[in-house]
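Sequences are here, hints too, so could you generate the full structure?
My numbering applies: residue 585 is where the sequence shown begins, and numbers increase by one.
Honestly, the hints are just simulated from the structure, not real lab data. Note that the coordinates shown come from a computational prediction; the quantities given were computed from them, not determined experimentally. Every clue listed holds true.
Below, in silico cross-link-like pairs of lysine to any residue (SDA-like), each with a Cα-Cα straight-line distance of 25 Å or less:
1) Lys1096 x Asn1033
2) Lys1096 x Thr1107
3) Lys1096 x Gly764
4) Lys1096 x Asp704
5) Lys1096 x Trp705
6) Lys1096 x Leu765
7) Lys1096 x Val1110
8) Lys1096 x Asp706
9) Lys1096 x Arg760
10) Lys1096 x Ala768
11) Lys1096 x Trp946
12) Lys1096 x Val1111
13) Lys1096 x Cys1030
14) Lys1096 x Asp970
15) Lys1096 x Ala1114
16) Lys1096 x Ile1113
17) Lys1096 x Phe703
18) Lys1096 x Thr763
19) Lys1096 x Val1027
20) Lys1096 x Glu702
21) Lys1096 x Arg1106
22) Lys1096 x Ile1086
23) Lys1096 x Phe1031
24) Lys1096 x Cys1034
25) Lys1096 x Leu712
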Amino acid sequence: MASAGSSVLSIQYADEDPSAGDGGLQSKDPDGSGSQTSGSSSKAFAGEARECWAARYTFALMAFLGLAVEYSLRVNLSIAIVAMAGTSEVSATSNASQDVCPLTNNGTDSGGKQTEGEFDWDEQTQGLVLGAFYYGYTLTNLVGGRASEHFGGRLVFGLGAATSSFISLLSPLCARTSTGLFIASRVLMGLSQSRGLKGRIPNALSRPSYSYVASEGHSAPGEQVFAVCTANCAGVTMPALNSLMATWYPPEERAKFGPLIYGGMQFGTIVCLPVSGWLSASGFLGGWPSVFYVFGALGLLWGVPWFLLVHNRPESHPGISAAELEFIAGHRNTVKKSEIVAIPWRAIITSGPVWACVVMAWGGCFGFYALLTELPTYLANIQHFDMSNSGVLSALPYVCLWVIALLWGALMDRLYASGHLSVRRIRRLSTAFASYTPAVALVVMCFVNCNSTLAIVVLCVAVGCTGTSYSGSILTEQDIAPNLAGTLVGITNTVGSVTGFIAPAAVGAITKGNQGSLSAWRTVFVVAIATYVVTTTLYLFLMSSDVQAWNEPREVKKEVKEETRF
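Below, the structure is given as structure tokens:
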């Protein structure tokens, strides 16, 4: 019988017929390493649908650009706020103080003069403004994707990006009208982007599939790379595309297209930060307002080809070739039947491995969001980089993150496939490296003081090494409960998203009146260090890679008609 207080969930079973060609189900070794019982060869495509430019490539390109747009709209405020609120002045007296960095006069700093911002925002207000997006993002994390199940990922994701872009165009007007209205616009932007999230979170709230989850986990060489890119904390993933990708790409192709598509998140951050710095420092369209105008306009322009070229299903695409359509249909996951079962909420809430995921979601995301939102402010007020240089240098750590995430994921996948590491060891090693290394780097940051070059190098290490978490704690939900992974991710993603507004608020409170103070920023680093160490240690103590007993359905409530999963 199901646990008391459980709610209804629909679970789909993969067709047991080997001819279904869905990549098969996954069986686990006692050590949690897992093995693939059956699978379709990725070589099948070579003779069936090789084309110069397939419809799947168009989808990949538009999805990549869509994620880049959404992330640029999310992070551009981190740079623009430096110009909007201004920077602190470094006087001759301050230069003599050991708590404030002296000017280098090398042509890359701000000259030490106070930059007058258009808005009289203290540090706490700046923290509230920076975190406002995540209020909206958190509110609809668990239920926002339900609309997409009715209207399709193409429409919901496209409208979510278009809404965010339109709000971006109105942002300067909102800010100049009132601070409250500007904060409300950021909350609304968070709501609009979260509404576009579909697939991994809401799919499991409605119908997680044995075969679908297995194909995204560690069931075959290369598949972990796909899971790495789709299981981002905080949402640094766009699960709306996950559902569309399940329709467009057979399991054996997801390891190739997954990293390419979800790389748009890092690409958007990398491009947005330096461009925002240059726009803010220029007089183009008034300086900082141009940051919102340019990226908002790009988002609306992206929406035109998205709605013209992208379709929910290959079958509805008017330009797809018969060979490509036959290949996709012949290698897509199929489902034999669907049953309504109960979610064992009591078992989930009392599960140690689940709490390991929750704790790690908080710790990992706190450090990530603190650096993502406050790094440009640190570079401008402590190291005295001007607006343009601050934007460029803020992007460097995320270049490192992108590269490390892909290389580490490929390395772990190879070590797993060769039998050198079990899943449990991969999760523990990846998580420990993703948290303890940044913690050590931030300890070094406490003693870097005014060495700008060393500060940038250390920050690249601190941010870049977090990329290994995509092969670690972020995938634990799939390990312990593949049938309920989306439900668990919905919980942990909500917890992680909360730190999106708590982290900048905490930094604002700590640095209030002291944004140019080394000691204040040391306190920020110490808080992040403690969070990393405590949460990671708890995770390593509580975590498991074994499928939990409550993952299996105990009570069948209702059988529904046979269907095919697309």
